[in-house]
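**Student:** These protein sequences, in sequence, are chains A and B.
Take -4 as the starting number for the first sequence in the working numbering and just add one per residue.
Take 13 as the starting number for the second sequence in the working numbering and just add one per residue.
A portion of the hints provided could be inaccurate.
What the hints assert, rightly or not - Under the rule of at most 20 Å between Cα atoms (straight-line distance), these lysine to aspartate or glutamate pairs were calculated in the EDC-like manner: (1) Lys67/B / Asp68/A; (2) Lys134/B / Asp51/B; (3) Lys137/B / Glu50/B; (4) Lys134/B / Glu16/A.
Hints are computed from structural coordinates only; laboratory data are not their basis.
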Amino acid sequence: MKLDVDGPAAPPRSNGELIFEAPWQARVFGLAAAVVDTRFDGDREPFRERLIAAIADDPQRPYWDSWAVALEDLVTSSGLLTPDEVDRRAIGRNHPSA
Amino acid sequence: MSDDDHHRPIPPSPIEQRVNALEELLTERGYVPDGFIEDVNRAYENDIGPMNGAKVVARAWVDPEYKARLLQDGTAAIGELGFGGPEGHFMKVVENTPGVHNVVVCTLCSCYPWPVLGLPPKWYKEAPYRARMVREPRVLLAEMGCPLADDVEVRVWDSSAEARYLVLPERPNGTDDLSEEELAGLVTRDSMIGVARL
């Protein structure tokens, strides 16, 4: 997946390399690449628009958090998943006995 | 990744919970081809973390006092170079010598010293490595291209929430003239896991 190298949607880099501060950040990066590849025919623009919007919505939020918000927005607004089922699964993970 | 929950010193953050939920659901629907995320990550795994670990190793090779601090308190000495974070608490550094070879595994899941080594390689997370490195380390090391002489002791370190291990490889012969930066360029990810010698 092609990434912005500058502008608001560009990921944090050091010496040209992407910076991930935790494993989940690398996974959500790959997850977005998978959805763009399999469901949007490699067209990154719908995701990129949402990423720019997510960053604009909360400029202080860490970059990869906004990336995750943008991905959730993309998959729910395009009908791949419903917001409810994402909520339920995330809550279920918090309370494994539930 | 619920199988490593018991190994985590810190529970997943809310954003991490949502990412895990998204990953599970999208994978169940078939939108994430098998191995896709690993492939994307592999494209980066040699860029991000291992260079941090290589800098730690090179510093230890050129600075005996730093090396002593590193072996005494890995977390603090690695922090001196500016590396650390959620997956880098409780770092323990184990030193290879002519008579001792160290290798790191996580038998229960895939605990890994993220801030110094970046993304774990796929084989590190897979069952055969996790099981065989404990049961028959010499055989597996030889298969991975790292045969050891019979008189070399093998020490296998099992990563956990209590400690993440980093192997300090032996400095190769004939490198006396190299700078610290050039030395760092010789240090590979695999040598810091302990499945290769330099």
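**Student:** Straight-line Cα separation of Lys134/B and Glu16/A no greater than 20 Å?
**Tutor:** holds, 19 Å
**Student:** Take a quick look at whether Lys134/B and Asp51/B sit within 20 Å of each other, Cα to Cα.
**Tutor:** Between Lys134/B and Asp51/B the Cα gap is close to 9 Å, so the pair holds against 20 Å.
**Student:** Compare the distance between the alpha carbons of Lys67/B and Asp68/A with 20 Å, and conclude whether the hinted pair is satisfied.
**Tutor:** violated, 39 Å
**Student:** Quick one, are Lys137/B and Glu50/B close enough, alpha carbons at most 20 Å?
**Tutor:** At roughly 11 Å apart (the allowed maximum being 20 Å), Glu50/B and Lys137/B satisfy the hint.
Going down the numbered hints, you'll see the structure goes against just number 1.
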